[in-house]
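Trainee: Please build the complex by placing chain B on the supplied structure of chain A, with the hints as guidance.
There are 2 protein chains.
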Amino acid sequence: MSTASGRNGELALLARIRKRAAMQPAPNLRLGIGDDCALLRLRPSEELAVTTDLSIAGRHFQLHLHPPESIGHRTLARGLSDLAAMGARPVAAFLSLGLPRQLAGKWLERFFDGFFALANEHKVPLAGGDLAESPVAVADIVLTGAVPRAKALLRSGARPGHLLYVTGNLGGAAAGLAQLKKLAAAQTAPGRRAAQPKPEKIPAKLRGNLAPHLYPQPRLAQGLWLMRRGLASAAIDVSDGLSTDLAHLCDESGVGVKLLAASLPIHSGATLQQALHGGEDYELLFTAPPSASIPRRIAGVPIHHIGSIVRARAGAHPITLISHRGSHPLAPRGWQHFS
Amino acid sequence: MSTASGRNGELALLARIRKRAAMQPAPNLRLGIGDDCALLRLRPSEELAVTTDLSIAGRHFQLHLHPPESIGHRTLARGLSDLAAMGARPVAAFLSLGLPRQLAGKWLERFFDGFFALANEHKVPLAGGDLAESPVAVADIVLTGAVPRAKALLRSGARPGHLLYVTGNLGGAAAGLAQLKKLAAAQTAPGRRAAQPKPEKIPAKLRGNLAPHLYPQPRLAQGLWLMRRGLASAAIDVSDGLSTDLAHLCDESGVGVKLLAASLPIHSGATLQQALHGGEDYELLFTAPPSASIPRRIAGVPIHHIGSIVRARAGAHPITLISHRGSHPLAPRGWQHFS
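First to last, the sequence lines map onto chains A and B.
All letters in the first sequence, in the order written, are residues 1 to 339 by the working numbering.
All letters in the second sequence, in the order written, are residues 340 to 678 by the working numbering.
Isolated chain A (complex conformation) (with noise of 0.2 Å):
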């Protein structure tokens, strides 16, 4: 592609971003895509949260595996979890995307298509970010929130004799993603790499159970509500799985878990495995004080306890699991960044 041509498609490219951005309601943005930096406002009472995510072509996402629209869903749907987990309201959204030149047309538009529509759902607007040619597909999310001052959830106030939630089911993403490559083998020719399922061909009954990986719903509402009433001692959002981001929340705030095997929600479908390790389920856990008032629903999303918060051994694994089998130590073996 010639230079002046190159120019005038990046230039068209940018101007159809920022044309869809534009069209986000966005009370907090004072100015989004076209300057050098965008401008928030927040109120005085008021501090901001901000999250940043990475996801790369072969190991958060496979280009031959998930729709386009899939991808730009998940990848805003990290940062918004990790602000569910705070209790922060969205403010505004940053992406900066590496990608091969053959992404920049169809593909590009179908993976807004995806972000875009949770964006919209959520009223977070599109305020920023970066674009560049890669030889690897990159995504990197910023999502920035506001929170009432000191009013945020954090890690780190965990204590013994705290009981555990986590809200919705957990499993099914990892369920999913395994149903969706037996769907994409089992359409493929043999011999041949294994490549997205056309959606016609998925019976209708499998498209639910894909959903709770390529449409996963981040926990606005729940986090909101939890942190409005001031009931939750700690939270995190369950992104590399129950047994990694339970360690996270143990090991900031200085305490142990007792986890009730039998009381985990697992997702039809999902095996206790998939459940304690799958990961990507961005379900919310929390702890709160016996005395708090957790109710079986929030905002709609069953509610369930799960474990109680015990002192810290020294040396010892945060999370014993108790089972039909007894009590053991469970290992964090969900997402690892290298590996």
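Hints are computed from structural coordinates only; laboratory data are not their basis.
The model shown is predicted, which means the values in this text are computed figures rather than measured ones.
Where a beta carbon is used, it is the ideal one built from N, C-alpha and C, also for glycine.
Certain hints may be false.
[As the list claims (entries may be wrong)] Result set (DSSO-like, lysine-lysine): computed pairs, CA atoms no more than 30 Å apart in a straight line:
#, chain 1, residue 1, chain 2, residue 2
1, B, K544, B, K521
2, B, K490, A, K123
3, B, K462, A, K151
4, A, K106, A, K205
5, B, K597, B, K445
6, A, K181, A, K205
7, B, K521, B, K462
8, A, K182, A, K198
9, B, K490, A, K19
10, A, K151, B, K358
11, B, K445, B, K520
12, A, K106, A, K258
[Stated by the list, open to error] Pairwise CB distance ranges (calculated):
#, chain 1, residue 1, chain 2, residue 2, range
13, B, P383, A, D113, 57 to 63 Å
14, A, D113, B, G444, 36 to 42 Å
15, B, G547, A, A331, 38 to 44 Å
16, B, P364, A, N120, 54 to 60 Å
17, B, G444, A, K201, 42 to 48 Å
18, B, P383, A, G326, 38 to 44 Å
19, A, K151, B, T610, 42 to 48 Å
20, A, D113, B, L353, 30 to 36 Å
21, B, G547, A, A316, 53 to 59 Å
22, B, R369, A, D113, 35 to 41 Å
23, A, N120, B, Q612, 41 to 47 Å
Mentor: Below, chain B without anything else, positioned relative to chain A:
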């Protein structure tokens, strides 16, 4: 590598980064690395500036050519320069890194040596980020800054009759890169790929020539000075190249510009072409009404008057270059994100 040692290695790596990050002073940072989000507090009279910049190996930096300290420095400098162009003071940085496994040890330590040297100089804490294994090294830098409400320097305020200024000088980064490539080639055996020149083998007088490319200085003090005095009508930083960034400023302001070739402060050893199109100088380009009293130096850095804002002409390039050869339209020929 086994699962267990992979996790231990990763935790140790994160712990080292967290320890280094915690050494920064951070008055506006209520919560840094270690939770789902960082928490920032601004003064009620301030708004928040946010910028993200993606750097990719082979495109924004060359692993075989650039010392890791320089890559760390330049990654942060790109973000700081965007804050400078808004007149914002830095509040906190966030860094998402995707790295091939073999770079996660010594290389990464040296990357952070360069990163934190510049961060300390400008008192910017590293407040969060993400880390993942990646087939290609990528670094996405996010900078947050604070600026008094309605005082930020924007790209959109230039008006016909205003004068155009630039800080420091131009073309030094492009000339330095050319010099670096030459040095690398000269130190490499015939038939082998050029590699990083050995510092001890670089003649002392050449080291200074490489600095504008390897260790560019973001103009934070100059941006703050202009913001506080309210003298500048528009500003942008020279990251993609004068011809490209000046066109952005003109587009956002809806104006044209007459650029005086003879007035351009060209870095010693650089060519006019490098000054016009080279990029990565991270100088500030700004406009001011003729009534504004712009000094010859701001915070120790020379300021040059290099042109005048004029009315936009429909369908024409916004920049007219005035030189001894006459007046000619100057097409943007700087950095392209897709090329």
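Trainee: Range hint 36 to 42 Å: satisfied by the CB atoms of D113 (chain A) and G444 (chain B)?
Mentor: Cβ of D113 (chain A) to Cβ of G444 (chain B): about 40 Å, so the range 36 to 42 Å holds.
Trainee: Taking the beta carbons of G547 (chain B) and A316 (chain A), is their distance inside 53 to 59 Å?
Mentor: Since G547 (chain B) and A316 (chain A) have Cβ atoms about 57 Å apart, the given range 53 to 59 Å holds.
Trainee: Holds or violated: K544 (chain B) and K521 (chain B), Cα atoms, limit 30 Å.
Mentor: holds (15 Å)
Trainee: Lying within 57 to 63 Å: is that true of the beta-carbon distance P383 (chain B) to D113 (chain A)?
Mentor: violated (39 Å)
Trainee: When you check the alpha-carbon spacing of K151 (chain A) and K358 (chain B), does it fall within 30 Å?
Mentor: Answer holds: K151 (chain A) to K358 (chain B) is near 26 Å, not above 30 Å.
Trainee: Could you say whether the range 41 to 47 Å given as a hint is met by the Cβ separation of N120 (chain A) and Q612 (chain B)?
Mentor: For Q612 (chain B) against N120 (chain A), whose Cβ atoms are near 45 Å apart, the range 41 to 47 Å holds.
Trainee: If you check the beta carbons of P364 (chain B) and N120 (chain A), does the distance land in 54 to 60 Å?
Mentor: Given range 54 to 60 Å: violated, Cβ gap about 40 Å.
Trainee: Take a quick look at whether K181 (chain A) and K205 (chain A) sit within 30 Å of each other, Cα to Cα.
Mentor: holds (16 Å)
Trainee: Quick one: are D113 (chain A) and L353 (chain B) within 30 to 36 Å, going by C-beta?
Mentor: Holds, at about 35 Å.
Trainee: What's the verdict on K490 (chain B) and K123 (chain A), does the C-alpha distance respect the 30 Å limit or exceed it?
Mentor: The hint holds at about 27 Å.
Trainee: Tell me if the straight-line CA distance from K521 (chain B) to K462 (chain B) falls inside 30 Å.
Mentor: Cα-Cα ~35 Å, so violated.
Trainee: Take the C-alpha atoms of K182 (chain A) and K198 (chain A), compute the straight-line distance between them, and say whether it is at most 30 Å.
Mentor: Holds, at roughly 13 Å.
Hint violations for this structure: numbers 5, 7, 12, 13, 15, 16, 18, 19, all remaining hints satisfied.
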